[in-house]
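Novice: Make a model of the complete structure from these sequences and hints.
Protein sequences, first through last, are from chains A and B. Residue numbers for the first sequence follow numbering that gives the first Met the number 0, beginning at 0 and rising by one. Residue numbers for the second sequence follow numbering that gives the first Met the number 0, beginning at 0 and rising by one.
Treat each hint with caution, since some may be false.
Below 16 Å or equal to it, Euclidean Cα-Cα: the simulated EDC-like pairs (lysine to aspartate or glutamate) are [what the hints assert, rightly or not]: (1) K17/B with E46/B; (2) K365/A with E337/A; (3) K17/B with E45/B; (4) K115/A with D172/A; (5) K208/A with E337/A; (6) K279/A with D333/B; (7) K184/A with D141/A; (8) K150/A with D223/A; (9) K246/A with D141/A; (10) K209/A with E337/A; (11) K286/A with E46/B; (12) K113/A with E195/A; (13) K286/A with E342/B; (14) K285/A with E46/B; (15) K150/A with D181/A; (16) K209/A with D368/A; (17) K286/A with E337/B; (18) K285/A with E45/B.
Coverage of chain B stretches by chain A, computed from C-beta distances (three or more under 8 Å per stretch; other residues unrestricted) [what the hints assert, rightly or not]: (19) 220-233; (20) 249-256.
Calculated from the model, a selection of chain A residues having no Cβ within reach of chain B, i.e. all distances over 12 Å [stated by the list, open to error]: (21) V180; (22) D181; (23) D223; (24) R226; (25) E344; (26) G387.
Worth flagging that the hints you see were computed from the coordinates, not collected in a lab. By construction, the Cβ of each residue, glycine as well, lies at the ideal position given by its N, Cα and C atoms.
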Amino acid sequence: MEFSIDVDVQRRIEEARELGAKEFRPAGLEADRNAAPLPVDHPFFERCIERGEGRTRWQGLNPPSARPAPTRTVVGTLLVMEELAYWDRGIINAIPGPGLPEQSVLSMGTDEQKEKYLGPFLEPDRPRWACFAMTEPGAGSDAAALTTNAKRDGDGWILNGAKCFIGSASRSDWLLVQATVDPSKGRGGQRAFFVERGTEGLGGFKIEKKMGLKSYESTSFTLDNVRVSAAHQLGAGGRNEKKAGFKTAMQTFNAGRPIIAAQAVGMARSVLDEAINFAKIHDLTKKDRVRDRIEGIARRVRKARMMSVRAAWLADQQRANIIEASMSKALGAQIAQESASFALELLGTMGGAGNHIIEKLYRDVKAMDIVEGTGQIQKMLIARSLVGLPR
Amino acid sequence: MNFELGDDLELVVETARKLAESELTPRLRESEASRAVSEDLLGSWEEIGLAGLEVPEAAGGAGLGAVARVLVNEELAAGDAGAALALDPYGPAFTAILEVAGEDAASEFVASLSRRTARALLIMGEDARVDLVSDQISIDAPWVAADRADVIVVLNGDEAILLREGFTLERVRGAGLRAAGASHLRASSAPIAARWSNSEGAARARSRARLYYASLLIGVMRAACEFSAAYSQEREAFGKPIGHHQALAFLIAEMRIAVDAARLLVHEAAWRVDAGLPSAVEASSAWAECIDVSRTVGPDAVQILGGHGFMADYPVEKFMREARALGLLCGGFDAAIEEAGRELVNSTHPLSLTTHGAN
Ligand SMILES: Cc1cc2nc3c(=O)[nH]c(=O)nc-3n(C[C@H](O)[C@H](O)[C@H](O)COP(=O)(O)OP(=O)(O)OC[C@H]3O[C@@H](n4cnc5c(N)ncnc54)[C@H](O)[C@@H]3O)c2cc1C
Chain A
0 MEFSIDVDVQ
10 RRIEEARELG
20 AKEFRPAGLE
30 ADRNAAPLPV
40 DHPFFERCIE
50 RGEGRTRWQG
60 LNPPSARPAP
70 TRTVVGTLLV
80 MEELAYWDRG
90 IINAIPGPGL
100 PEQSVLSMGT
110 DEQKEKYLGP
120 FLEPDRPRWA
130 CFAMTEPGAG
140 SDAAALTTNA
150 KRDGDGWILN
160 GAKCFIGSAS
170 RSDWLLVQAT
180 VDPSKGRGGQ
190 RAFFVERGTE
200 GLGGFKIEKK
210 MGLKSYESTS
220 FTLDNVRVSA
230 AHQLGAGGRN
240 EKKAGFKTAM
250 QTFNAGRPII
260 AAQAVGMARS
270 VLDEAINFAK
280 IHDLTKKDRV
290 RDRIEGIARR
300 VRKARMMSVR
310 AAWLADQQRA
320 NIIEASMSKA
330 LGAQIAQESA
340 SFALELLGTM
350 GGAGNHIIEK
360 LYRDVKAMDI
370 VEGTGQIQKM
380 LIARSLVGLP
390 R
Chain B
0 MNFELGDDLE
10 LVVETARKLA
20 ESELTPRLRE
30 SEASRAVSED
40 LLGSWEEIGL
50 AGLEVPEAAG
60 GAGLGAVARV
70 LVNEELAAGD
80 AGAALALDPY
90 GPAFTAILEV
100 AGEDAASEFV
110 ASLSRRTARA
120 LLIMGEDARV
130 DLVSDQISID
140 APWVAADRAD
150 VIVVLNGDEA
160 ILLREGFTLE
170 RVRGAGLRAA
180 GASHLRASSA
190 PIAARWSNSE
200 GAARARSRAR
210 LYYASLLIGV
220 MRAACEFSAA
230 YSQEREAFGK
240 PIGHHQALAF
250 LIAEMRIAVD
260 AARLLVHEAA
270 WRVDAGLPSA
280 VEASSAWAEC
290 IDVSRTVGPD
300 AVQILGGHGF
310 MADYPVEKFM
320 REARALGLLC
330 GGFDAAIEEA
340 GRELVNSTHP
350 LSLTTHGAN
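Specialist: This is the structure:
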């Protein structure tokens, strides 16, 4: 047993801390004040590209052999994410890049699709985004019930439907859209399709007004007889064709759960530091009630962090971590919410004024129990394995 | 980061688990009624070599640390927490001597006791009235989990105080852990056999005592979770297993999450003790968390069994009582959060991670 991190991870966390303080925090506050996502031409995004962010993990079809992929542990990545979220969770999602669908393309896409869709992210000439569109107005948690459909049209497809809350959708070069090719097959009938920006019939983009996480867009749109070729179907013609459906989509979320948990931990840690700071400034540290609140927050954060790190560590060991990942996500989101709420009580009416960072964190953090599988859905998954809860 | 136990600890845990399953669980009510574990059980525990778990090898012990202790305690307590206490001749009294007085004193301490039948008790200043007048001590401890004792160690402030005589134990009914006994301990102007003062050592001793009981609590809660989860798949109501009703399915998931998280805090704090890192806040937090969780896990396990859970035919009522009783020790929840809170409000980076191989 060993609960320390190595020097390399420590260094990456420190870099994240610097970046977070200098770039993420101010950008996040600006968006929150303006109640709008940072515009596409915001200098923040230019600087992201200059720093080398917004790139794909893909190495290209003929990777230069001299460049071995860095072996980074999931634990390390997770702790870096925790640190970045400490400074601003919304900005993590606002950062350009192939984002959520990247993993699906890497694992299920054909070489041509990788070249076409991830290629531009190898050395991006400008900030570029992509998005993964699963959720619909009528189907969120019950993703198997989505109704956006793809009908055969010659050797291509015609897509119809509506999606909502999709991150960065209106600014994406392409959208990976989850649709059903055969509603009678439920989840088995689902496939994913690349839809490029500007394709006829793709429209109705509406950037939602949100309670928090305002720095990135969550956007609804419609697909109205959108025609795409056979080559736009994820994995089409490749050996993964049959597999590139519902399962792939779910795998995207499985891998992301400990990360979301870690981000919630980072936000809760931010709450903790701000609460301690507030107590010091206002000479409250001698009050039992205040100390008890702070202890309660610290304890919550500590345990949620251990749960997320354990799930990540299991992933590093290539061991099954589905329950642990779900447990970490359910717990992390919940403790972060409780912590922010608890800390606001410390602030009293100063929290009510709405201009303290803890108040922003309180609004931001609620989403962590909703995105990538709600707390209830996590508990469902856990209960399936603990007591055989049927589907 | 490494959550693996390693082969040696794995073996220790396996040994403890087997013993708990084959000897403790089946005799749980019997031990409770007779307020003791059987002689042969004490013997086999000593033979395996786990009775002196933390005793240095030079003094004939296994020479293991806080991590080993919390792992073993969880396994034993998952069988019977009272028996776990009865099986440990020295309890956290030994680590208190070890941390405050040092290895020589600790070796002497165990040499003066029989490894099979000794009972050494640790009294935390938080759990009793303690009065010191020159070289005499008076103690009033309303509940200790024992029917007899050979020595008493009092951990009071920065001091560890050893008593070999002048105390009495008067049997009480006890709220739980009866397999270890239950008494009201009194000492009136008893002679102090030895005393040591060492503030850092006392802090570590306090951490180890809290982790000792925290891990017992984890074991009890694990048993409560496992028993109630299994029951929920067999008992049917409204046409399906009760565990397939979402209200209970989610409750069971929440119990499991809570216990897993508390266990990780215990492990991390124990690892810090063994690594020689400051551990007071972490151990207090872990202890507070275990107690916090036990407030619901015990009663929830009974709830899952409904009326059957209320009856002594099933072990969950015992788990509920014993989890509650354990959480009253070492100053309980309030002392733990007070200790952690005091340090936290003065720190600038309260949750910074430890870097391996730095400094
Ligand atoms: C900020 C933000 C960003 C997002 N980004 C994206 C994105 O980029 N791409 C994307 O595809 N989606 C995105 N989403 C959508 C998100 O994934 C969904 O909101 C989420 O899956 C929940 O679905 P829903 O909103 O339809 O709620 P519903 O599924 O309608 O759930 C409503 C309530 O019912 C509960 N519930 C549902 N089923 C059960 C059950 N079986 N048992 C018990 N309780 C149940 C839920 O837990 C919830 O409490 C985003 C959402 C937010 C808030």
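Novice: Does each hint hold? Answer for all of them.
Specialist: Verification of the supplied hints:
| no. | hint | in the structure |
| --- | --- | --- |
| 1 | K17/B with E46/B | holds, 15 Å |
| 2 | K365/A with E337/A | holds, 10 Å |
| 3 | K17/B with E45/B | holds, 15 Å |
| 4 | K115/A with D172/A | holds, 11 Å |
| 5 | K208/A with E337/A | violated, 24 Å |
| 6 | K279/A with D333/B | violated, 22 Å |
| 7 | K184/A with D141/A | holds, 15 Å |
| 8 | K150/A with D223/A | holds, 12 Å |
| 9 | K246/A with D141/A | holds, 14 Å |
| 10 | K209/A with E337/A | violated, 20 Å |
| 11 | K286/A with E46/B | violated, 52 Å |
| 12 | K113/A with E195/A | holds, 14 Å |
| 13 | K286/A with E342/B | holds, 13 Å |
| 14 | K285/A with E46/B | violated, 52 Å |
| 15 | K150/A with D181/A | holds, 9 Å |
| 16 | K209/A with D368/A | holds, 15 Å |
| 17 | K286/A with E337/B | holds, 11 Å |
| 18 | K285/A with E45/B | violated, 49 Å |
| 19 | 220-233 | holds (count 3) |
| 20 | 249-256 | holds (count 6) |
| 21 | V180 | holds, 32 Å |
| 22 | D181 | holds, 30 Å |
| 23 | D223 | holds, 38 Å |
| 24 | R226 | holds, 42 Å |
| 25 | E344 | holds, 16 Å |
| 26 | G387 | violated, 6 Å |
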